[in-house]
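Asker: Protein chains in written order, with my numbering: chain A, 1 to 229; chain B, 1 to 329.
Keep in mind that the hints are not guaranteed to be accurate.
Taking lysine to aspartate or glutamate pairs in the DMTMM-like style, the calculated list, with each CA pair at most 25 Å apart, reads [to be verified]: (1) A:Lys222 with B:Glu205; (2) A:Lys217 with B:Glu75; (3) A:Lys55 with A:Glu155; (4) A:Lys27 with B:Glu92; (5) A:Lys222 with B:Glu162; (6) A:Lys171 with B:Asp102; (7) A:Lys2 with B:Asp117; (8) A:Lys217 with B:Glu205; (9) B:Lys154 with B:Glu205; (10) A:Lys91 with B:Asp114.
No lab work stands behind these hints: they were computed from the structure. These figures come from a predicted structure and were not determined experimentally.
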Amino acid sequence: MKIPTLLQSELALVLEALRKSAIYDPKISYLGFDDSVDSDLVENLVSELTILFSKESKKSTKSKDKRYSAFELAATPIVLDFFCRLPHSCKFNPGFFGYLSYRIRDVIVWRFPPNDSEGWSKNFVASASSSEFVDGFIPRLIIRGLIAKGSTEAEGLIQQDFWRSHVLRVKTGFSQEMSQAFAEEVVESSIAVEEQRSIAKRIRSIRSNVIFELLTKVDARKIVRDLRK
Amino acid sequence: MSTRSEQRLIRPYLGIDAFEGLLRGILVSVNARQIRGDKDYIEESQFQDLTITFEVGLSLPEVLLAAREIDLVDEDINLAIIAYGNTYKRTEILRNWNLKHDEIETSFSFHTQDIEDILGDSFGGFNIVCALVLANNREEAPLIVYQSGTWLEKREIQVRAEKNIAFFSPTPMDSAKKKELELNNRTMLFVQEGQESIQYATSVEDVLTVWVDEEILLSLQSNYGPAADITAMLLARTAIGSVVELIGRVLNQHDFNLSIYADSLQSNEPDERVLTKFVRKAQKVLGNGEDWLSTLEEIKSQPQLVASKIEASADLKGEIKRALAKEEA
Chain A
1 MKIPTLLQSE LALVLEALRK SAIYDPKISY LGFDDSVDSD LVENLVSELT
51 ILFSKESKKS TKSKDKRYSA FELAATPIVL DFFCRLPHSC KFNPGFFGYL
101 SYRIRDVIVW RFPPNDSEGW SKNFVASASS SEFVDGFIPR LIIRGLIAKG
151 STEAEGLIQQ DFWRSHVLRV KTGFSQEMSQ AFAEEVVESS IAVEEQRSIA
201 KRIRSIRSNV IFELLTKVDA RKIVRDLRK
Chain B
1 MSTRSEQRLI RPYLGIDAFE GLLRGILVSV NARQIRGDKD YIEESQFQDL
51 TITFEVGLSL PEVLLAAREI DLVDEDINLA IIAYGNTYKR TEILRNWNLK
101 HDEIETSFSF HTQDIEDILG DSFGGFNIVC ALVLANNREE APLIVYQSGT
151 WLEKREIQVR AEKNIAFFSP TPMDSAKKKE LELNNRTMLF VQEGQESIQY
201 ATSVEDVLTV WVDEEILLSL QSNYGPAADI TAMLLARTAI GSVVELIGRV
251 LNQHDFNLSI YADSLQSNEP DERVLTKFVR KAQKVLGNGE DWLSTLEEIK
301 SQPQLVASKI EASADLKGEI KRALAKEEA
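The following block holds chain A by itself, in its conformation from the complex (with noise of 0.2 Å):
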């Protein structure tokens, strides 16, 4: 298949249009060619997500912010295969990733309604700054999905901010042990925000010190407990 991808300077284009609720259409480019890849992938990954989209936006039983956190917990296992089924020559280019989130530009929309903010436009992958990655509205869901994989309370736990802002953002996520026991504390405990911040930072102190990355979940999660008391 071509690796299809969309330029910073196209991608910019089109979400100008977007914050206008105008159309752009944006020319592709192809970046090489990879013939381990399954030319349907992408193709079944819009669907996919589209029809998802569908079916949860239009739910009017439920508040819009269930129904957001309903679309991502069904939409991270999706997001999660197709990322396992990804050549290297895609896995890394932040073009690809820009291509893939002007495909699903209306679900990006749906969850998050256009604003003038240079934080709007991440969600689309509109950086090539490589520790912006992780604000792209698809990269977020493939790597909550992985730090969280094994873990029912994290993969459950859906509160964006926790996880941008004390996983994701920070070198705490390198850590799926830590990022877990911290997600399941917050889970059964039902931590409110203000707490979980205080812990995130207590936690990030004793980063500097602890290869946390050695520890037990058992051994993570005492230290997570140690900080509430």
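Keeping the supplied structure of chain A fixed, place chain B upon it in accordance with the hints.
Answerer: Showing chain B alone in chain A's frame:
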């Protein structure tokens, strides 16, 4: 007076200073080239086929001497080697040896295929951490290392992609542009020098623009055959040759002090200039080790030869195709 500030980690433990420097015997090489310092750059294309090799030379008597100062014995300490892939926040514990119970391998390697999401991370790069750590929890007490996983000595190496290795993005040139540049309409390639000197520029676009006939660019973008590869090579050669010539000119200026510049390169000070990025690249290709002055002399005296060597060492075909894709819009 210096205005630079420095962050320093203050660690709340007594007696751990004795471990400082004990990891100096661990050597890390990427594709057979030893990494010196704590940050290294490799070409983006190399991440797909990368071998990282560890040679572990740890002086156990020295470690145990340091350990004794804080009442630790060999069983209390592990030597851990961990790899981190930044884009997807992936972690792999490559080794975690207990100093009493495990035999420490003197040499081992990993290939991209072994941990692709980490060693193949050409976007965010990867980090390697080697650390002497507390193996098990001890009784908690003030100023004492007690939490397992606490590092006694740590060394972190960052490996990042050198993204601008092709040093240019071809820019399409239509008839109007050719007229503006006062070129014949049949001109296929034109290298235009920018306003800024390569001595100070941090972006190669400020130094030169490589104009390419728009039809040639279009045909390259839709053609994956050998003709496109050869054309891409020629474009790369032209661009690199132009950059080397510009650098050669700077190094030949009578007021440019090669020794002072070589010293700054040796000290590994942060320097984002195109000039320095290029010289660092040339240093690797020429294999001059720590001898920066020789590299500068070679660029100065034989710029085209250096350009040829760089061209030969890089996956220019891939790089140029990436650059071409970026210009399609």
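Asker: Would you mind marking each hint as holding or not holding in the structure?
Answerer: Consistency of the hints with the structure:
no.: 1; hint: A:Lys222 with B:Glu205; result: violated (53 Å)
no.: 2; hint: A:Lys217 with B:Glu75; result: holds (22 Å)
no.: 3; hint: A:Lys55 with A:Glu155; result: holds (21 Å)
no.: 4; hint: A:Lys27 with B:Glu92; result: violated (39 Å)
no.: 5; hint: A:Lys222 with B:Glu162; result: violated (41 Å)
no.: 6; hint: A:Lys171 with B:Asp102; result: violated (29 Å)
no.: 7; hint: A:Lys2 with B:Asp117; result: holds (22 Å)
no.: 8; hint: A:Lys217 with B:Glu205; result: violated (49 Å)
no.: 9; hint: B:Lys154 with B:Glu205; result: violated (39 Å)
no.: 10; hint: A:Lys91 with B:Asp114; result: holds (16 Å)
In this structure, the earlier hints numbered 1, 4, 5, 6, 8 and 9 are contradicted, and the remaining ones agree with it.
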